[in-house]
Amino acid sequence: MREVHTFLTLFITSPFLLLSAIGETFVIISGGIDLSVSGMIALTSTASAALLRAGWNPWVVMPLMVAMGAVIGTILGVLITYMKVQPFIATLAGMWFTRGICYIISDAEIRIYDPVYKLLSGQNS
3 MREVHTFLTL FITSPFLLLS AIGETFVIIS GGIDLSVSGM IALTSTASAA LLRAGWNPWV
63 VMPLMVAMGA VIGTILGVLI TYMKVQPFIA TLAGMWFTRG ICYIISDAEI RIYDPVYKLL
123 SGQNS
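Taking our numbering, the leading residue of the sequence shown gets 3, the next gets one more, and so forth.
Hints should not be assumed to be uniformly reliable.
To be verified - Listed next, with one range per pair, are the computed distances between beta-carbon atoms:
no.: 1; residue 1: Ile31; residue 2: Arg55; range: 33 to 41 Å
no.: 2; residue 1: Leu12; residue 2: Thr83; range: 28 to 36 Å
no.: 3; residue 1: Leu10; residue 2: Leu94; range: 28 to 36 Å
Bear in mind the hints are in silico, worked out from the structure with no lab data behind them. Ideal Cβ placement from N, Cα and C applies to all residues, glycine included.
Taking the hints into account, I'd like the entire structure generated from these sequences.
As structure tokens, this is what we get:
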């Protein structure tokens, strides 16, 4: 971290982790806890790669993954708010549920070779 290039590489290689860390910071500051973030990252990555491999349009897959995350987050929010399940337990269950769905989708790595993702990542070659 002493060199500027090393610091800036964080923004290039793993911006999703930075966004997740910022979101988790707000959750913790507000007095809550959310353990399902890692499972949601895994599920959206696995599901989007599987859909792309099946021939889906990437411009359909991206909003679909955002919607899927919103639906699962809403379900967890309803469990916590209206059913009075402890946030630790509800989000732990959400993490295990999403990780289980990932395993059902694929137990091996699925690579994404779509040119739209390369364009968005800045890899034009």
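Using the C-beta atoms of Ile31 and Arg55, is the stated range 33 to 41 Å upheld?
holds (39 Å)
Okay, Leu10 versus Leu94 on CB: inside 28 to 36 Å?
holds (35 Å)
Do Leu12 and Thr83 keep their Cβ atoms within the hinted range of 28 to 36 Å?
holds (34 Å)
Comparing the model with each numbered hint stated earlier shows that all of them hold.
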